[in-house]
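Undergrad: Same order as they appear, the protein sequences are chains A and B. Residue numbers are given in the numbering used here: position 200 of the first sequence equals residue 368, and the series is strictly consecutive. Residue numbers are given in the numbering used here: position 164 of the second sequence equals residue 166, and the series is strictly consecutive.
A couple of the hints might just be wrong.
Said to hold, decoys possible - No farther apart than 30 Å at their CA atoms in a straight line, the calculated lysine-lysine pairs in the DSSO-like style are these:
(1) Lys143/B to Lys387/A
(2) Lys179/B to Lys415/A
(3) Lys411/A to Lys313/B
(4) Lys179/B to Lys270/A
Note that these hints are calculated values from the structure, not bench results. Computed from a prediction, not measured in an experiment: that's the story for all the values here.
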Amino acid sequence: MKILVAVKRVIDYNVQVRVKDDGTGVVTDNVKMSTNPPDDNAIEEAVKIKESGKAKEVIAITIGDDKAQETVRKALAVGADRGIHVKVDGIVEPLAVSKILKKIVEKENPDLVFMGKQAIDDDCNQTGQMLAAILNWPQATFASKIEVKEKSLEVTREIDEGLETIEVNIPAIVTCDLRLNEPRYASLPNIMKAKKKPLEQLNASDLGVDTKARIEQIKVEEPPKRKAGIKVASVSELVQKLKNEAKVI
Amino acid sequence: MSVLLIAEHNNSDLRPFTFNAATAASKINENLHVLVLGNKSDSVAKAASEIPLVKKVIHVDNEIFDNFTAENYTSTILKHVDNYSHIVCSANTFGKNLMPRVAALLDTSQVSDIVNVISEDTFLRPIYAGNAFATVKSTDKKKCVTIRPTSFDPAPSTGGSAEIVKSEPGDKFESSKFVKREEIKSDRPELGTARVVISGGRGMQNSDNFKLISAIADKLNAAIGASRAAVDAGYITNDHQVGQTGKVVVPDLYIAVGISGAIQHLAGMKESKVIVAINKDGEAPIFSVADYGLEADLFEALPQFLEELNKLNSIQK
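Could you build the full structure based on these sequences and the hints that come with them?
TA: Written out as structure tokens, the structure is:
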């Protein structure tokens, strides 16, 4: 079995994001970037399945500018076998990402495609479902547990009401939740070894995918600021404020 | 131009966020139709027809919809979208799972999780965990939009009498199958719509200590929330998680207990009307969004809080 895992380079989850003064986007210069957190879970799960003997190969793919390769190198350092970088500059919407991934799926014929359930930059939560749609494959989104069976996966999904379990036939798409597993850290020797693993480079235009944006970003603004609050000295003061000042209890 | 809202329901009732989505959908265009896909779901179609904002209900009743899988929903939705300019549903786990599958097959770039309708093609949506708001304009002919339910008031549920039209399902999808759903039943208000939410974080230390939170929740008729750290640590189940990758809540009162205030948690609660933070670390980032901060050990503060509430003559429910 072959597993393709899509990873995205985003602003690190610990960075306090700032809006650019001209309203064209957010500040990315000199800002720490890293792999989208649930994409780390997707890689980890694929590597674990390989380690269990149920998969033979894990391929990590990223779509983005040259620096996006860092996320593939990181995936290679934690156990992916080889990487693919599809070069595109600028914002690529989930629909275009899914079309690029479809081309790669047609070329590589993976049995499973994993990715994070949501990227923490645009917060779209679309790509996995879109890829499943255009491949006409089943989708198991928001996965917090995956059991690999002979010809199917049993997947536990985190939904608003609690948990849902579905069984999807292979080939399938899985989008991973943060609780799926605990991603491992790359050791220094593995980081060094990862540099020797193959990383294929392609251009989105060579794949015949139109990546032109369908959604115009008109402006990006700071969210409305909350007015500064106060510290209360005691629980009784807090309750009095809630009762008499805020009038919420 | 007209809008098709995909109803979320449990085959007997509409789920509450469908009413919020109806409000948003009717702001896009007043010609609002609702598509109800269910099994033995006549009561749902009837409830949708009674929303005064709704002009028409299309009802497809078939056993393939018993468990609301995105795959079976999608083929039927695609059969019904020809006359609509917009396909809309809530941006909760139901809509997040479903809408991109529909959008991709319509070759539409979906607009996710909108918090305001600026015009028929332009919307406001949070990005980067709500640390920025983007105004975006969709250039696709048919638009697929998901709605952050807590940003729109629920539509009135009675007074309407829209026509209900029966229709037929699309193809059944054979490659996936529903196994089971473990819903957490609770007598408390739903987290997404509760007027008061009290949440615990890593500072709670274990699941047993959440009793301190539930005692206060009982008193305030509040829903119980949690930070991702508390859920990851197994103190409480995932359906309680508030944050960027959990639920977004906008209650009148949000009480954060033992929660430091990571960016991803703030994303889920910082639009709440009044925020209270109880934390023993005075430097915790949660205090930067709190209207009332109490720097205290939660194990002392929570029993006192309950005691003070007990002293009050009346408490809003």
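Undergrad: Identify every previously stated hint that the structure contradicts and give their numbers, smallest first.
TA: 2
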